[in-house]
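There are 2 protein chains.
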Amino acid sequence: MNVTVRGRSQHFRTVTFDRAQNAVLLIEQRLLPHEFKIVATPDFRATAAAITDMIVRGAGAIGATAAYGLAQGALAFRGRDPKKFSAHVETVYQVLKNARPTAVDPVNAMNDVRRHMSPGQTVAERQFLALAAAEEFAREDVQHCEEIGRHGAKLIRNGMKILTHCNAGWLAFVDIGTATAPMYAAQEQGKQFHVFCGETRPRSQGATLTAWEFAQQKISHQIIADNAAGHLMQRGEIDLVIVGSDRTLGRTGEVTNKIGTYTKAVLAARHKIPFYVAIPLSTIDWNLKRGFDIPIEERNESEVLGAWGVIDNSKFKIQNSKLKQRAYVRVANPTSGARNPGFDVTPAELITGVITPAGIFKPQELWKQRSKLGFGGQQSVRLRNLT
Amino acid sequence: MNVTVRGRSQHFRTVTFDRAQNAVLLIEQRLLPHEFKIVATPDFRATAAAITDMIVRGAGAIGATAAYGLAQGALAFRGRDPKKFSAHVETVYQVLKNARPTAVDPVNAMNDVRRHMSPGQTVAERQFLALAAAEEFAREDVQHCEEIGRHGAKLIRNGMKILTHCNAGWLAFVDIGTATAPMYAAQEQGKQFHVFCGETRPRSQGATLTAWEFAQQKISHQIIADNAAGHLMQRGEIDLVIVGSDRTLGRTGEVTNKIGTYTKAVLAARHKIPFYVAIPLSTIDWNLKRGFDIPIEERNESEVLGAWGVIDNSKFKIQNSKLKQRAYVRVANPTSGARNPGFDVTPAELITGVITPAGIFKPQELWKQRSKLGFGGQQSVRLRNLT
Numbered sequence: 002m003n004v005t006v007r008g009r010s011q012h013f014r015t016v017t018f019d020r021a022q023n024a025v026l027l028i029e030q031r032l033l034p035h036e037f038k039i040v041a042t043p044d045f046r047a048t049a050a051a052i053t054d055m056i057v058r059g060a061g062a063i064g065a066t067a068a069y070g071l072a073q074g075a076l077a078f079r080g081r082d083p084k085k086f087s088a089h090v091e092t093v094y095q096v097l098k099n100a101r102p103t104a105v106d107p108v109n110a111m112n113d114v115r116r117h118m119s120p121g122q123t124v125a126e127r128q129f130l131a132l133a134a135a136e137e138f139a140r141e142d143v144q145h146c147e148e149i150g151r152h153g154a155k156l157i158r159n160g161m162k163i164l165t166h167c168n169a170g171w172l173a174f175v176d177i178g179t180a181t182a183p184m185y186a187a188q189e190q191g192k193q194f195h196v197f198c199g200e201t202r203p204r205s206q207g208a209t210l211t212a213w214e215f216a217q218q219k220i221s222h223q224i225i226a227d228n229a230a231g232h233l234m235q236r237g238e239i240d241l242v243i244v245g246s247d248r249t250l251g252r253t254g255e256v257t258n259k260i261g262t263y264t265k266a267v268l269a270a271r272h273k274i275p276f277y278v279a280i281p282l283s284t285i286d287w288n289l290k291r292g293f294d295i296p297i298e299e300r301n302e303s304e305v306l307g308a309w310g311v312i313d314n315s316k317f318k319i320q321n322s323k324l325k326q327r328a329y330v331r332v333a334n335p336t337s338g339a340r341n342p343g344f345d346v347t348p349a350e351l352i353t354g355v356i357t358p359a360g361i362f363k364p365q366e367l368w369k370q371r372s373k374l375g376f377g378g379q380q381s382v383r384l385r386n387l388t
Numbered sequence: 002m003n004v005t006v007r008g009r010s011q012h013f014r015t016v017t018f019d020r021a022q023n024a025v026l027l028i029e030q031r032l033l034p035h036e037f038k039i040v041a042t043p044d045f046r047a048t049a050a051a052i053t054d055m056i057v058r059g060a061g062a063i064g065a066t067a068a069y070g071l072a073q074g075a076l077a078f079r080g081r082d083p084k085k086f087s088a089h090v091e092t093v094y095q096v097l098k099n100a101r102p103t104a105v106d107p108v109n110a111m112n113d114v115r116r117h118m119s120p121g122q123t124v125a126e127r128q129f130l131a132l133a134a135a136e137e138f139a140r141e142d143v144q145h146c147e148e149i150g151r152h153g154a155k156l157i158r159n160g161m162k163i164l165t166h167c168n169a170g171w172l173a174f175v176d177i178g179t180a181t182a183p184m185y186a187a188q189e190q191g192k193q194f195h196v197f198c199g200e201t202r203p204r205s206q207g208a209t210l211t212a213w214e215f216a217q218q219k220i221s222h223q224i225i226a227d228n229a230a231g232h233l234m235q236r237g238e239i240d241l242v243i244v245g246s247d248r249t250l251g252r253t254g255e256v257t258n259k260i261g262t263y264t265k266a267v268l269a270a271r272h273k274i275p276f277y278v279a280i281p282l283s284t285i286d287w288n289l290k291r292g293f294d295i296p297i298e299e300r301n302e303s304e305v306l307g308a309w310g311v312i313d314n315s316k317f318k319i320q321n322s323k324l325k326q327r328a329y330v331r332v333a334n335p336t337s338g339a340r341n342p343g344f345d346v347t348p349a350e351l352i353t354g355v356i357t358p359a360g361i362f363k364p365q366e367l368w369k370q371r372s373k374l375g376f377g378g379q380q381s382v383r384l385r386n387l388t
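Chains as they are written, first to last, in our numbering: chain U, 2 to 388; chain E, 2 to 388.
If we strip away everything but chain U, and leave its shape as in the complex, we get (with noise of 0.2 Å):
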């Protein structure tokens, strides 16, 4: 999607390959939504390190930074022994799968990768044969995240004024994202509407990421606390709710996602305001037979008690600091301690219908149309660490 640098909108993804330096580019996430960076990964441990550091996060952003990384690392090495280049590629796989052990996406990409790779005879074919996987999988995620805003604009009519949670926007994907796709493809179609960004705290996704993009995307917007969807729901101020996912059960079509999802779908469906959620296929768990197994990471605390900013320098004097300067503050009373659950399932019947690349579907019904939503049979999808 654009941001606007230095006063002219230009067109970023979040995760690109430059072939002539033979890096991966990413924005850097940490600084936003307050500095907006582009970083270049010399090689693939600089790669890995910015997963595990947080640089990139989000299931698909992840997932093609590990794709490309292979590949960086695949086209770093220098020789023609296929045994010793086999034996290099397995250490690059190793140090990006290692980067963010809980996570599926840098696996499953990784291992698209390779199946890719080895049809090639010689080193440079296969060195050729991993890029051009690399590139396909990046390809085939804005593909997806395109066909769910074709879908999801339907939804989408002039006037109306929409919920969103957390971040499933083009920072956790490619570009495009999920949740934000059908507002994007809506705009695009010249439909006027008008979103809330909840806060989502404790990491305050919403009002970082999601804010971010909508400013630099010039959607309409304004960031409300969490507590503030139900009275803007009683009051009819809002007509959709649209929402990413982490893990959804194509058994039950049970949705898991960032905590204070399942709050905004009782409010929803008690206000009767349609609750929709929009996936990749990739996060479809066919395995699973109920939402209640699913384990809930309890992360931690500091992230309940305080909240990471920038100072705002007109209200605290600093010696010699500089404009932005970014600190952890310590909100709560500080012999207290928190519960941080990160993810909550929301159950079937309070969601009005499952926008996928494939089109959009009753949680209930994504089972019977398995054959449509790429169900593989055997498959182990783990919670992602989406953040």
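Don't take each hint at face value.
The list treats identical chains as interchangeable, and a pair is accepted whether it falls inside one copy or across any two copies.
[To be verified] Below, computed lysine to any residue pairings styled on SDA-like, alpha-carbon distance capped at 20 Å:
#1 Lys273 x Glu350
#2 Lys98 x Asn109
#3 Lys363 x Leu282
#4 Lys273 x Pro348
Simulated from the structure, these hints should not be mistaken for laboratory data.
Keeping the supplied structure of chain U fixed, place chain E upon it in accordance with the hints.
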């Protein structure tokens, strides 16, 4: 309630009066939870400024502060001329009334003090009666909270997990509080329970004030993001919800309270978890016929866009900084705005019971029980700016 100062637990009220100094003693609430300090206001203008600047906040607390402030102003008068005295008292009244023009408690409290002063024959007698009335006002505030505690404690059983929202604790009153009163009473009865303090974005009174109270009182508690309440209810981790109220409609049982209260009530109803509201009689509005007519204050968007706290020096180096440096950090995207409704309205159907000093009632029965609940015919309660 008790505060541990230099390792020793001592009893403090939010508001008291020092006769020797003719000063109002207040807990400096803006420094909480990071620092505990008592401030003495040397004259009624300083007392009014303490209300304006929110050194003291909360319905009962600002009522008692204004009552004491009026007595303080009256006591400062030198002379015997009743006319000059009356003119002086009128000035004091106006200054204190204008300290927070939209709040109703200071006015009600001062009217009460004036009514008790009027039988006095001399200036000295009226001065004496003013202070006696202010002390009585504060004593009654405490007594009402104790009665709420006595009734509400019956709802708390051993091993319960309770959710509360915002701060309707002793810091909002002279002592004990309303939503917290049942918990403090149950603790005295030796019951074991655990409280989840909803953070209460955007101003975080749950994470700051309520958690501080519980830490001082040694009540087992944890802070949660507002987003986490639904998940905890779904997993069976919440047995009871008790919140306060800024205005309860006597005719309909609808409850106005801090933004996010409605969401908790909707969630509790879905999970069949009892949802109680604890209120002093002064917050019942007997006039208004529907909650939809209550104007909802739209507060400054900076509250949603950032957070106040203490800079954590372990994570952030500031040259020459003091250990506890308070700062506002901008969390949100710098080019985005916010909506910030301060309150919401919960319908009676979602409320299990209203805990009052006169007992626990179904919200739909308040009107029928109005003779027990201080119904006084004509009355005008405006929305309190409880924060």
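Violations among the numbered hints: none
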